[in-house]
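> Model the full assembly from the supplied sequences, consistent with the hints where possible.
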Amino acid sequence: EELDGDLDLYDLESAEGLELPEKIGRDLLLNGLENAEGLKLPREIGGDLLLNALKNAEGVEFPEKIKGDLQLRDLENAEGLELPQEIGGDLLLYWLRSAEGLELPEKIGGDLQLSGLESAEGVELPSSFDGPLLLNKEITYVPREILDSVRTNLSKDKLEELYAECDRREQGQDDEQRKEAIRDRLADED
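Start counting the sequence shown at 1; every next residue gets the next number (the numbering used here).
Bear in mind the hints are in silico, worked out from the structure with no lab data behind them. Here the structure is a predicted model, which is why all the values come from computation and not from measurement. All the pointers check out, no bait thrown in.
The following label-pair restraints were derived from C-beta to C-beta distances:
{"no.": "1", "residue 1": "N35", "residue 2": "D6", "range": "18 to 28 Å"}
{"no.": "2", "residue 1": "R144", "residue 2": "L18", "range": "39 to 49 Å"}
{"no.": "3", "residue 1": "G5", "residue 2": "N35", "range": "22 to 32 Å"}
{"no.": "4", "residue 1": "A187", "residue 2": "P132", "range": "48 to 58 Å"}
Just so you know, even glycine gets a beta-carbon here, dropped at the ideal spot from N, CA and C.
Written out as structure tokens, the structure reads:
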């Protein structure tokens, strides 16, 4: 079963009894769906997939590839989230608060929006991603390898602040390693 155009089920609140085609040629709009229970997505989506009201993605089986954008605006945590391997457009996770458990696709063709994160600790960017990475302007930490490798929406002042935090954390690790080495030496002398 195949649909060449868009499928707009914007006001649908429950996936119970919903049977979607195996292939949708363009966009699939499921913005009103808050619960994914019983949702079986098409094998192929040629455009965007909008699941903006979804609070929990546990049990959602995404297609391996979405050719357009994937929007999960209201998703607050990555628990049970298994994203497609490839997203041709943007990946928009507006309100995701924590990167814990977040495994990003291998390829993102557009923007990556993680504007709800307070810290990007644990985020590993896909091997095929050029940015930009859109972050919360109040974010407190972004790993140096991310800051060095991709464009962001952050101001120069904010970037300087984030690099300073990286320096502080790295200095703290160096201090801890020195203290540990001294403790080991003292223990050996006993």
